[in-house]
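Undergrad: Residue-level listing of the chains:
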Amino acid sequence: GWMNKHLNLVPALVVVFYELDWDEPQWKEKQSECATRVEIVRQSLQGRNTKVAVVLIQKKTPLPPGEDVIASERAAALCNACDLSGKSLFVLPHTDHLVGYIIRLENAFYEHAQTYYYTEIRRVKSHKEFLNKTTHQLLFVRHQFKIAFFSELKQDTQNALKNYRTAYNLVHELRAHETNMLEIKTMAGFINYKVTSLKGPFYIAFGDLFDEAIKLGLTAIQTQNPGFYYQQAAYYAQERKQLASMLCNHDSSVIYPNPDPLETQTGVLDFYGQRPWRQGILSFDLSDPEKEKMGILSLQLKEKNVLHSELIITLLSNAVAQFKKYKCPRMKSHLMVQMGEEYYYAKDYAKALKLLDYVMCEYRSEGWCTLLTSILTTALKCSYLMAQLKDYITYSLELLGRASTLKEDQKSRIEKNLIKVLMNESPDPEPDCDTAAVKASQKLWADRVSLAGSNVFTIEVQDFIPFVQCKAKFLAPSFHVDVPVQFDVYLRADCPHPIRFSKLCISFNNQDYNQYCVVEEAYQKSDILEQSSQGTMCLVPGKTRKFTFKFVAKTEDVGKKIEITSVDLILGSESGRCVILNWRGGGGDAASSQEALQAARSFRRRPKLPDNEVHWDSLTIQASTMIISRVPNISVQLRHEPPALTNEMYCLIVTVQSHEDTVAKDVKLTAGLKPGQDANLTQKTQVTLHGTDACDESFPALLPDIPVGDLQPGEKLEKPIYIRCGTVGARMFLVYVSYLIDTIVEGKEILCKCHRDETVTIETVFPFDVAVKFVSTKLEHLDRVFADIPFLLMTDILSASPWPLTIVTTQLQLSPSMTPVDQLESYVENVVLQTGESASECFCLRCPPVTNASGVATGCYIISWKRSSPVESVPVVSTVITLPHVIVESIPLHVNADLPSFGRVRESLPVRYHLQNKTDLVQDVEVSVEPSDAFMFSGLKQIRLRILPGTQQEMLYNFYPLMAGYQQLPSLHVNLLRFPNFTNQLLRRFIPTHIFVKVRLGMTEDNSIMS
Amino acid sequence: MASAVTYTAEWPVLVSIIFSPPQNYPLYIRSVPTENELKFHYTVHTSLDVVDEKISAMGKALVDQRELYLGLLYPTEDYKVYGYVTNSKVKFVMVVDSSNTALRDNEIRSMFRKLHNSYTDIMCNPFYNPGDRIHSRAFDNMVNSMMMQVC
Chain A
1 GWMNKHLNLV PALVVVFYEL DWDEPQWKEK QSECATRVEI VRQSLQGRNT KVAVVLIQKK
61 TPLPPGEDVI ASERAAALCN ACDLSGKSLF VLPHTDHLVG YIIRLENAFY EHAQTYYYTE
121 IRRVKSHKEF LNKTTHQLLF VRHQFKIAFF SELKQDTQNA LKNYRTAYNL VHELRAHETN
181 MLEIKTMAGF INYKVTSLKG PFYIAFGDLF DEAIKLGLTA IQTQNPGFYY QQAAYYAQER
241 KQLASMLCNH DSSVIYPNPD PLETQTGVLD FYGQRPWRQG ILSFDLSDPE KEKMGILSLQ
301 LKEKNVLHSE LIITLLSNAV AQFKKYKCPR MKSHLMVQMG EEYYYAKDYA KALKLLDYVM
361 CEYRSEGWCT LLTSILTTAL KCSYLMAQLK DYITYSLELL GRASTLKEDQ KSRIEKNLIK
421 VLMNESPDPE PDCDTAAVKA SQKLWADRVS LAGSNVFTIE VQDFIPFVQC KAKFLAPSFH
481 VDVPVQFDVY LRADCPHPIR FSKLCISFNN QDYNQYCVVE EAYQKSDILE QSSQGTMCLV
541 PGKTRKFTFK FVAKTEDVGK KIEITSVDLI LGSESGRCVI LNWRGGGGDA ASSQEALQAA
601 RSFRRRPKLP DNEVHWDSLT IQASTMIISR VPNISVQLRH EPPALTNEMY CLIVTVQSHE
661 DTVAKDVKLT AGLKPGQDAN LTQKTQVTLH GTDACDESFP ALLPDIPVGD LQPGEKLEKP
721 IYIRCGTVGA RMFLVYVSYL IDTIVEGKEI LCKCHRDETV TIETVFPFDV AVKFVSTKLE
781 HLDRVFADIP FLLMTDILSA SPWPLTIVTT QLQLSPSMTP VDQLESYVEN VVLQTGESAS
841 ECFCLRCPPV TNASGVATGC YIISWKRSSP VESVPVVSTV ITLPHVIVES IPLHVNADLP
901 SFGRVRESLP VRYHLQNKTD LVQDVEVSVE PSDAFMFSGL KQIRLRILPG TQQEMLYNFY
961 PLMAGYQQLP SLHVNLLRFP NFTNQLLRRF IPTHIFVKVR LGMTEDNSIM S
Chain B
1 MASAVTYTAE WPVLVSIIFS PPQNYPLYIR SVPTENELKF HYTVHTSLDV VDEKISAMGK
61 ALVDQRELYL GLLYPTEDYK VYGYVTNSKV KFVMVVDSSN TALRDNEIRS MFRKLHNSYT
121 DIMCNPFYNP GDRIHSRAFD NMVNSMMMQV C
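Residue numbers (the working numbering), protein chains in the order written: chain A, 1 to 1011; chain B, 1 to 151.
If we strip away everything but chain B, and leave its shape as in the complex, we get:
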């Protein structure tokens, strides 16, 4: 009965990496806790609208100096969605609980950097084929430790 009213869904953090267009499918998606996964997926998927819009707004000029961190994509009552896009248009999306006030913009930004570095490591692996789903223990561990830090 009481659980029926969930003003704030309990989702401390969600991390996902989405492949570059035109495919836009998730290379990696992980959330804590794992229930209600479908909703998480929808949230990440819908946030791509905003990412697309932000990328197109930035235009093609000054690709080198471009800020990869897109900032807060859109706030809702329950959670905040942050985005980050690499130069090859691989998108990172992070969803954190709105009530988590400990996370400032700077922390989010550094978390994205960390993610990006780990992703780069994966790409450097000659046996990794760009576009394949990420199955890497090292990457999992990194995401785990990041999530631990947030929760």
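Chain A on its own, in the form it takes in the complex:
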């Protein structure tokens, strides 16, 4: 009644529009006309507090206030005439800025309206103050509610809410006696509804506003975004729904009352929930209980028709979108869970399941088991109601698992249902499900049962946490091919009751092995064995079951990895329903890696268990193993005399002895430089089986697969390998012996390939050091040689080998620019050099004059040598040493002396000096001889002579030794007038300065004469 009155009938403000300009010529008349109008309005309001305002519509733009004297005067007069305050008089100039003026007017009117409601509130409040709580309880609530209502009209939502709440609390305080119970309830419900439906839209509005603002450039932060408001709105919508469901839980037979009590004359209700049949009744006594009942019923039925869930879902999805935008993944998940639940309530199970399934993994991966369990429970209900077999089984598996926080009785119920499903029966309905939906789903389940086929479900478990855990473990990281491969599969159930399975099978990367690793129910093969199979095919909760498998690896898998690609556990049977739990790799699910990590960190001592049991946590998955070749039963020995000498045919004797019990067939030998070393080594290393002749660069560095034939048990085989190393340094050599042998593994005959390899590092050294030097005929060191003058080339071979060396021969190969003075024959033929010994040779050479100043190639020195070994067949190695270049210089004059190798005391010693002019000029030569104490001499003591180009001058002297011993000869001095550089020092190089003088034969006689 009064609500409608205040909403639609009683205005807060009445505005009188009147066309009047300030400079109106008939001002007086117009003024009174306006006043009359205002009076009429006033009278029609009948003393209500409604505000009245006057707007003058003018054609002229007003002057700024205060400047127009006539205007202000006339305005005051008009106010007086209409009995208005100055604030209630407005001017609306009908000019260009009409819109602006209108907005200003609107605001002004709004203010007035607010003042009106404010005074109304005050009025009600003052009424309320007179009231007494004990006697006027109902009025108290009414007034409080009225205040709230006016606040709402005043658009002051904050206060409105506050007041509604107070009203609500007051309702609480009402005496609850039977007659007014219903009234209180409806009143409370009404207030409650009012609050929720008011708050909800308020939050939506605020959310929308906020979102708009953000679009316009306001930056929101994570903790303050529109999502929160949408979420809050959704909460209130949920509350509204709860209330509605509580109040409106009539069964479907109740029909909408006729005539409609909500029908009013106008056909429209002021707002939702208003009761038009109760106007103006203030007492508790119900004037017409029947009508009241019908009215409430119709209201409730109307509320029932509202699609609450849809509203809530819309709000939630709005919120989800916002939270997604502001990086709140968990909040988003939470809201999606709520959306899922709402879909569930709205009976849209497919959508619910989709949403729940989507967020489930996030809760699972973060390990929030409580939340996960709650989501799973809802999901299980959905899948039950839709009779979605696979989903139903999957959720059951996880709810029975260790991540579920369900109570034991719940788990037990779920497991029983799961077993029913596996037996192709309908499960019992989930608790707290809608009865109608359950009925529908039972029909669906019955259909599923009758439907044959498509009863095998493969469920991949690594993405969730099922109630059966699996760990597969190879007993060793590698197995020899002649040993059976063994591995264990451990299974453990976490469900409350023992569970049977029908098959366990393991798949490998090589599928040939799959057939060997199957555990199946035995009764399929023979019914007699059923008794014993009962135990093996059953998983007891909390107990770890171990299954050991064994198979013989294939010989072609040697060197390969055998990997468990999946473990399949089949629950149920093919006659009923079949669920294949599929673990990828060697087992493990979504939670097991974290558990393994925790177990590895733990220091906790595990209690001792009986021998045949193991701690689940202590088991680690080992999903792959290597197949390696059979252990060879042969010995490979290498015999050699290191180090190797450069370029020699180094002999490496390989001895292979078989210790096998049977014939080693197809023995093959691979020998040579081990691959993977410096590439240069490959070129500088040659390997051959024939040591008698030297090999060249074309020989390979590695000899692969040399067939050696078969080896009888105990037989020994020797094979020499010759290696030529062209450079010094260390090399690794590989000797690899492979063979085939038949063995029997687990009663199965297989042909195994075995091999044994040996590596050896061999150092290569130079066999000798060769030193070459040039000396003069007087054996003096020369840093350069003189053209046409003979000199000596001395070679020195110093053995560096730890083994004796035989120099077979040497050879000097001269370059064309060099000529030998005498025969070039080797002086060191067949010389044996021990370590550190050296062999020297000397060759007399001459070099014709050359124009090339930088040096002349001498030639090369070839040493043919071999290791001094008893073996005759060792080939001779020729080592070529390139001789150094020598600088050749020409001299103007060459002097050589012709004298005996020794003299005798008091016996004439003829000496002939040859002075050769080596230039193209006539030489003026001054020759003088300086006497020595040990000699007398005859000949020209001092002479000056000329020597023509290319000719020589001979000077003859007779020396007469006076003393025995190594005596200084009278020294010859030559002075070339044209070549002042030609010194006597240079001369000393060519002519002897001393001579050995022997005593005369029959010395005693001489001595007596002397004395």
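Worth flagging that the hints you see were computed from the coordinates, not collected in a lab.
Hints may be right or wrong, so weigh each one.
Listed below are the simulated PhoX-like cross-link pairs for lysine-lysine, each with C-alpha atoms no more than 20 Å apart in a straight line [as the list claims (entries may be wrong)]: (1) A:K420 x A:K439; (2) A:K753 x A:K561; (3) A:K443 x A:K543; (4) A:K443 x A:K390; (5) A:K407 x B:K39; (6) B:K54 x A:K324; (7) A:K550 x A:K561; (8) A:K550 x A:K503; (9) A:K753 x A:K773; (10) B:K54 x A:K325; (11) B:K54 x A:K327.
Put chain B on the given structure of chain A with help from the hints.
TA: Just chain B now, with coordinates in the frame of chain A:
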């Protein structure tokens, strides 16, 4: 009927410890009163969004001088959520009723310190394996006394 309208859920205090990432599972979670537990769990879980954001905002610099107390994570009409994060990224979350005005920032901070100390004691136990759920009588007692003080 009346209980259907719960503007302020009656949850004086909730304490929880969450393990370091990437797992982020609760090591310890306790609330008084214990009904409506699921909602509490969701509240703590969603608050981790804000914790993550705050941690990433702080950046890696100045780890030593970092303030462990994150302050009020987000306020709602009914309750306030406070966060605290250790250097090893173990998170403490506390939820108190919005109407509980007696609790100032300083009190909350000192409560977190206390929690942190107790947690450190647990970590010092050689038989405690980091990452295991906390089952410690001493810790329970400490949390109890703290809750008593708040309520």
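Undergrad: If a hint holds in the structure, say so; if it doesn't, say that too.
TA: Going through the hints against the structure:
A distance of roughly 18 Å separates the Cα atoms of A:K420 and A:K439; the hinted pair therefore holds under the 20 Å criterion. Proposed proximity of A:K753 and A:K561 is supported: the alpha carbons are some 17 Å apart, at most 20 Å. Straight-line distance between C-alpha atoms of A:K443 and A:K543 comes to about 38 Å, which puts the hinted pair past the 20 Å bound. With a C-alpha separation of about 17 Å, the suggested pairing of A:K443 with A:K390 holds against the 20 Å cut-off.
Annotation: proposed proximity of A:K407 to B:K39 holds, straight-line Cα distance about 19 Å (limit 20 Å). Simply put, B:K54 and A:K324 have alpha-carbon atoms about 17 Å apart, close enough for the 20 Å limit, and the pair holds. For the given pair, A:K550 sits about 16 Å from A:K561 by alpha-carbon distance, which is consistent with the 20 Å threshold. Of the supplied pair hints, the one linking A:K550 and A:K503 holds, its CA atoms being roughly 17 Å apart against a limit of 20 Å.
Restraint check for A:K753 and A:K773: not satisfied, since their Cα atoms lie roughly 61 Å apart, outside the 20 Å limit. At roughly 16 Å between alpha-carbon atoms, B:K54 and A:K325 fall within 20 Å of each other, so this suggested pair holds. Pair hint B:K54 plus A:K327 holds up; C-alpha atoms about 12 Å apart against a cutoff of 20 Å.
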